[in-house]
Every structure is written in structure tokens, then in C-alpha cells.
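The listed protein sequences correspond, in order, to chains A and B. Numbering-wise (the working numbering), the first sequence opens with residue 6 and increments by one. Numbering-wise (the working numbering), the second sequence opens with residue 8 and increments by one.
It is possible that some hints are incorrect.
[Said to hold, decoys possible] What follows is a list of derived Cβ distance ranges for each label pair:
| # | chain 1 | residue 1 | chain 2 | residue 2 | range |
| --- | --- | --- | --- | --- | --- |
| 1 | B | Gly-239 | A | Arg-105 | 17 to 23 Å |
| 2 | A | Thr-210 | B | Asn-92 | 25 to 31 Å |
| 3 | A | Ala-38 | B | Ala-147 | 36 to 42 Å |
| 4 | A | Thr-64 | B | Arg-91 | 44 to 50 Å |
| 5 | A | Gly-411 | B | Gly-75 | 36 to 42 Å |
| 6 | B | Val-41 | A | His-60 | 28 to 34 Å |
| 7 | A | Gly-275 | B | Arg-121 | 53 to 59 Å |
| 8 | B | Arg-121 | A | Pro-392 | 37 to 43 Å |
| 9 | B | Ala-255 | A | Val-474 | 28 to 34 Å |
| 10 | A | Thr-42 | B | Ala-78 | 29 to 35 Å |
[As the list claims (entries may be wrong)] Short derived list, chain B residues pointing at chain A, Cβ under 8 Å:
| # | residue |
| --- | --- |
| 11 | Val-41 |
| 12 | Tyr-42 |
| 13 | Val-45 |
| 14 | Ile-189 |
| 15 | Thr-225 |
| 16 | Leu-228 |
| 17 | Leu-232 |
| 18 | Gly-239 |
[To be verified] If you want the footprint, here are the derived chain A segments under chain B, 3+ residues with CB under 8 Å:
| # | region |
| --- | --- |
| 19 | 52-60 |
| 20 | 167-180 |
| 21 | 224-236 |
| 22 | 411-424 |
No lab work stands behind these hints: they were computed from the structure. Predicted model, so just to flag it, every value in this text is computed and none were measured. Cβ coordinates follow ideal geometry from the N, Cα and C atoms, glycine included.
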Amino acid sequence: MLGVVLALLIVPFAAAVACAVLPGRAARRLSPAITVTAGVASFGLVLALLPTVAHHDLTYLSYLRVDALSEIFLLATGFLYAAVAIYTVGYAERQAHYPRYARRLYAGLNLFAWAMLAAPLMSSLALLWIAVEITTIVSALLVAIEDTDGAAEAAWKYVLIASAGLGLALLATVFAYFAGSQVLGEHYNLAISPLIQVAARLPATPVRLAFLLALLGYGTKVGLFPVHTWLPDAHSEAPTPVSALLSGSLLAVSFYAILRYYQFTAAALGSGFPRDALLAFGVASLLLASLYVFGQRDIKRLLAYSSIEHMGILAIGVSFGAPVALAGVMLHVLAHAAAKGNAFMGAGVLVVKYRTKQIATMRGALDLLPWSGPLFLLAIFALSALPPSGIFRSEFQIVAGGLASGNYAAAAILVVLVTVTFLGLTAASTRILFTPAPRSLSAAAAIDRGEPSAWMVVPVVAGIVVLFVLGLHPPGELTGLISRAVAQLGAAR
Amino acid sequence: MHTAVIHAALIHAALIHAALIRTAQTDPVQAPGVYEGVANVIAAVMLLLEFGMLRQALVRDQIRLYMGQSALLSVLAVVIAADRNLPDLYALAALSAALKVVAVPLVMRRLLGRTESQEGEDAPGVAGSQTLSPASSVLAGIVLAAVGFFCFGALKIHGPAAPALALSLAGAMVLVSFGLMIVRRDVASQAIGFFSLENAISLAALVVASGLPLILETAFLFDLLVAVVVFGMLIRAHHVRAESLSTADLTRLRG
């Protein structure tokens, strides 16, 4: 399995280098093929790890480690990387300033995916921080790639706010080292497993401080209230494939970092303290998102606020602590990656079709887009937790876990706010799809009926299939993996 | 008039910190040795330089202060290396100096040089980028520093290698550098604020985590280098689009 893990680190990086250095004409011909191959191959490699990791952890070269928890996040990123790679072929060929733009987009996308796949593979909190910081740096450049006023503004806000947040996460890493070195000695290398093993003997104050700083620091990248302010800007101004990866994978990978801190903090101090902190941030984020989805005029900003909502749901789910809720959280990470990826890819098709991001201008999409219209509707329904989507199952489990652990008020708030967000999302998307286009609009914009590109439809169909499978009958090995991840999170308590 | 107010505020800040240092050093639990004394003095001077950046109007002067602060950080690394016999830290001190005293200021200066070339004195959009008057921002900085200092002090985190006072000063520096990013309305000063935040965290790391393996420390530094390059690229992109370094017009995206 070492070969598989190393290949997972090498394939996307090699693809990024190849897309960056190939000479002009060759780049134009080969970059799409290289990116699609790297994306699909990476997903295949992640799947190849699944049977082994569902039974035991893998540790290699003292700095690489794959356990059930990391495999969940690898699966989410691997799937979305493959889907987005295919989508990008159709997206990039429609850009007017093709050669330079496409080279940057393909190289950046592969590098971004590489950093996100590397983060869950790191066995040490320090290397995890470095991987997350690299995701920030690469994605900030990708946000700026469109070269518009809005993109420059969003990229600056993103890089400054996220870097400052990661500064706090670095401080958390320093305190985690301090706590660990008190028990494990000066040469402790910030590895996660020894820290969990000796958690009962760790000094309480540094651990508490490290968790709070990590929650606030990595929480900035997760998009938790009140440090979410970069998120709607970056998601709306980035190219659509990047928005899909930012929302479906990057936020989850940052949440993964918080879960690692949760593991040893819960083992050291008991789970009460970290669960209370997560509950406060989760409810506040969910409340903000459910209010802001109403009145959004930009379709990508609308989806960005939905991402804040789902990250809030994850935080609340972990705060419930019950095994069924934690299993729901793990499933939610996977289902949200597929659903949000789909929603952004569908929104990207609408943006290409109508040449605007304004919801008010998009009308009659069901007539104009025979595939993408219904698929976008399905994605929004899946995102809003309508059965039989995977998100329905995961949110059902989270709420059941809330009730089982006696958190009745929080579970009730969760149900109410998720319903409010559902109303906001469906109101906007049904207007886009079912309200017929005014004659003046379709005539003026000369919008033809038909899909912009088959490349932009295929990955969305794959995403819907995944969502249905997760909702109706998750494969046995995945269920085993989720149980193991829950045991790892729960065993820490 | 302004200068007198600023100097009064700075002297006031210095006096407060001198008093704080005296209070903490008379703590009967810890007798300050040479290493601890040096670490605390360096941390205090670094905090004062942070205040200097907060009140300094010109970005070039801010870069000079940042260089001084980074040089002090390397000196502290050498002191700790000698005191605690950690040869790794000498290499780290050299790398850190090469990066933060030479490379980062060089990159920032070249960048500002380009943006200055068309117009006069300082880069456009930087002059008058303060949202508060220098005196008010220094006062706000003193409040932030006091909050950071006392909060970190109250945590009572100290081990054999961790002078509690230097850690409290690092906590104060973290908050003041956040203040610096908030009170300035130009991208260059905000970037300097972030770099000095990184200095504050490095100070905390040196104090409580000096045994961290060199490979990890080097990776952190490499990461900073990449971050500087990306900050630089985005500052340039912003300058090309806005023809200014000011962030006052970055108000398109909201809600």
C-alpha cells in the first residue's frame, strides 16, 4: 500500500508540473487529458486504499499515515477532483483568452488537488498545517485567475483573512507541541497518534488553548461564523471548477484539521469542552447562513452561504457526540462533496449560458438546458436534504444523534434552520428553472437551447448517482470505514 | 504637534512595559537567569518595534522596522541555541535571518519600487491609509497589548524552557499585529502586518517549542517564502487594477 500512498502524492503533483511546463501547442492538446487522467487515477488510488484502511491504519516513512478518518476526507476530495477535472475540459475551452488562462487553470487545479489530498495523509500536526497553508496559497491565486476587479478584491480578502486565521492555527500547533513535549520529551515531532495515546497525561491549559486556537484558525478556512467573511467572495469570484473544489473539498479538509485537534482534546479533557465550543460555532454559522440565503442576487454566493450552512451542520453533528451523529457527520462530508460539487457545476453551466451570475437574469433554464436544468434542480434538492439523497440520510442520523444524546434544543434548532435554508435555496432555483424567460431577454441575449458542452454534464450525472447510492444503500465497505472512523473519534472520549 | 503626541504615547507604552517586566520579574517562583533576561528584553523590544510599525506612516519605514524585528528574532534563536545547547537552532537562526531580514524586505521593496515609479514619494494609496490618527492607533495598540499580555500571563504556561514573560509579550504582539492589519487601508501595510504576526508566532514558538525538529521549522520558513511571493503577486495584481495600493475601494463584494 505504500506505493498507492506515494502515487497519490506524486500523480497530481506531476500533472500540475506537466501542465505548467509543456510548450504551447502541446499544452493545449495534452493538459485536458493529463488533468482528467490524474483526477480519475487519484480517485482510483483512494478507492484502492479503502478495503485496507477499513480494517487497520497504515503508517509509512514516519510522516505518512492513513486511517479511517483521513480516508473519508480523501474519498471526498478524490471524487470531486475527478469530477471537476472532467468538468474543467468543457469549462476551459469556452474561455476567450484560452492558452494562458487554461495553462494556469489546469496547473493550479492539479496543484490545489494535490495539496488537499496531501493534508489528510500527513501524520503530524505540523505537516498538516503546512499542507493546509499550501491549499490557501494555491487557491488564492486560482481565485485571482479571472483577472477582474471582483476577482482581485476577493483574492486579497481571502489570502489576508485565511493567512491570519492560519497564523492562529500555527499558534495552536505550537501549543500542541508544548503540551506534547511535556510528556513525550523535547524531540516529539507533533505526530498525532502518540499525542492521543498520552492524552490523559497532557497539561490541561495548553491543550485547551490549542483547541480553541485551532477551532478559530482552521475555522477561518472552514467558514465558521464569525470568521467566514472571505468565503462568499472567493466562491463567487473564482472560476466554477475552483469554486466546486473550494466548497466541496477545501472546507472539509480544514474541518478535518479541527477533528484531529478534537481527537486529542477530547481524550485529554473529556469531550464536554470541545463539544460545547463546536456547538456554539456551529449554531451561529447555521443561523447566519440560513438568513443570508434569502435575498442573494448572485447564484454562486447563494451556494457559498449554503456551504457555511453545511459546515455549521458538521460542527453541530460532532458536538452531539453520539456515535450515530458522528456516523452522520462522516457520511455528510462525502455527500456534501458530491452535492455541492454538483450544484456549483450546474451553476457554472447556467453562468456560461446566461453570461451572468445574477439570479434575476436567469429564467426558463429548464427549457434552455435539457440536461443541466433538471440536474441542477436535483442537486439543489439533494443539497437541501430531500430523500433519497445522501444528505437526507446524514442529516437524519445527525438529528437522531442529537436526540439520542439529549440535545433536544440544538436538534430542534438544526431542523428549523435547515428547513429555512431549504426554502431559500429552492425559491431561488425554482425561479431560475420554471419561470419562463421573458421574450425580450431571450431575444436580446440570443440564447439557444442546448448544453454548452457534454464535458460539463457527465460529472454532474456521476455526482447524482453517488448521492443516490449514499442515500439509498451505502456500500458495506464504506459503512465499515465510517464505523471505524466513528470509533476513532469516539475512542478519544 | 502630532509627533509630540506620538512620542508621548510611545514613551507611555515603554513605561507600561517596563513596569510589567518589573512586576513579572519580581515573581518569587521564577528567578530570572541570563537567558531568561535576554529573552524577555528581546521580546519587549520586538513589541516596541511592532508599535513603531503601527504608528509609522511610510511603508518603507515599516519594512525597516520589520527587518529589525526579524533580526532580533534570529538573535534570540542564537541565544536559546547557546543556552540550551540546541545546534539545530543556529541553522534556523541563519535561515530565518536570510529570509526575513534579507529576502522578504527585498521582495517588498522591489514591489513598492515598481508601484512608486510613476508617482512621487511613497507608493500611491499608502499615504494617509491610516483609519485612525497615529496617536489613537497607538492607544488602541496599548489596549490590545495589555489584553494579550495579561491573558497569556493568566494562563501560566511555563516549563523549564519557557519564560512566561516572553510568552506574554508574544501574545501582546499577536494582538497588536492584528490591530496593524485592521487600522491600515493599504495592501502593503496589511501584508507587513501579516508578516509581523508571523514574527510574533515565531517568538512564541521559540519560547515554548524551541526543541521542534529542524525539518519542521524549515518547512514553516519555506512556507512563509511562498506566502510572501503570493502576497507580492496579489499586491501587484491589485495595483495594476486599482492603480493604487489603497483598499478603500474594495467594497464591491458584500452581503
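Do the hints match the structure? See the list:
1. Between Gly-239 (chain B) and Arg-105 (chain A) the Cβ separation comes to about 20 Å, which falls inside the hinted range of 17 to 23 Å.
2. The hint said 25 to 31 Å for the Cβ distance between Thr-210 (chain A) and Asn-92 (chain B), and at roughly 28 Å that hint holds.
3. Look at Ala-38 (chain A) against Ala-147 (chain B): about 56 Å separates their beta carbons, and that is not inside 36 to 42 Å.
4. Range check, Thr-64 (chain A) to Arg-91 (chain B): Cβ separation about 31 Å, and the 44 to 50 Å hint is violated.
5. Look at Gly-411 (chain A) against Gly-75 (chain B): about 56 Å separates their beta carbons, and that is not inside 36 to 42 Å.
6. For the pair Val-41 (chain B) and His-60 (chain A), the beta carbons lie near 55 Å from each other, so the given range of 28 to 34 Å is not met.
7. Separation of Gly-275 (chain A) from Arg-121 (chain B) is about 55 Å and conforms to the stated range, judged on CB atoms against 53 to 59 Å.
8. Distance hint check: the CB atoms of Arg-121 (chain B) and Pro-392 (chain A) are about 58 Å apart, inconsistent with the given range 37 to 43 Å.
9. Look at Ala-255 (chain B) against Val-474 (chain A): about 51 Å separates their beta carbons, and that is not inside 28 to 34 Å.
10. Roughly 49 Å separates the CB atoms of Thr-42 (chain A) and Ala-78 (chain B), a value that falls outside the hinted 29 to 35 Å.
11. The beta carbon of Val-41 (chain B) is not positioned within 8 Å of any beta carbon in chain A (closest approach about 21 Å), and the interface hint is therefore violated.
12. With a cut of 8 Å, the hint placing Tyr-42 (chain B) at the interface with chain A is violated, because the nearest CB-to-CB distance is about 16 Å.
13. Because the smallest distance between the Cβ of Val-45 (chain B) and any Cβ of chain A comes to about 20 Å, over 8 Å, the interface hint for this residue is violated.
14. Annotation: interface hint on Ile-189 (chain B) violated; nearest CB of chain A at approximately 10 Å, more than 8 Å.
15. Residue-level restraint check for Thr-225 (chain B) is violated (minimum Cβ-Cβ distance to chain A is 11 Å; threshold 8 Å).
16. Interface hint status for Leu-228 (chain B): violated, as the beta-carbon distance to the closest one in chain A is roughly 11 Å, over 8 Å.
17. Of the supplied interface hints, the one on Leu-232 (chain B) is violated, with its beta-carbon coming no nearer than about 11 Å to a beta-carbon of chain A, more than 8 Å.
18. About 11 Å separates the beta-carbon of Gly-239 (chain B) from the nearest beta-carbon of chain A, more than 8 Å, and the hint is not met.
19. Note: the region 52-60 of chain A has 0 residues with beta-carbon separation from chain B under 8 Å; the three-residue rule is not met and the coverage is violated.
20. For the region 167-180 of chain A, the stated coverage by chain B holds: 7 residues have a C-beta nearer than 8 Å to a C-beta of that chain, and at least 3 were required.
21. Chain B is given as covering the region 224-236 of chain A, and this is violated because 0 residues of the stretch bring a CB closer than 8 Å to a CB of that chain, at least three being needed.
22. A count of 0 residues in the region 411-424 of chain A with a Cβ less than 8 Å from any Cβ of chain B is obtained; the coverage claim is therefore unmet, three being the minimum.
In terms of the numbered hints stated before, the structure departs from hints 3, 4, 5, 6, 8, 9, 10, 11, 12, 13, 14, 15, 16, 17, 18, 19, 21 and 22, listed from lowest to highest.
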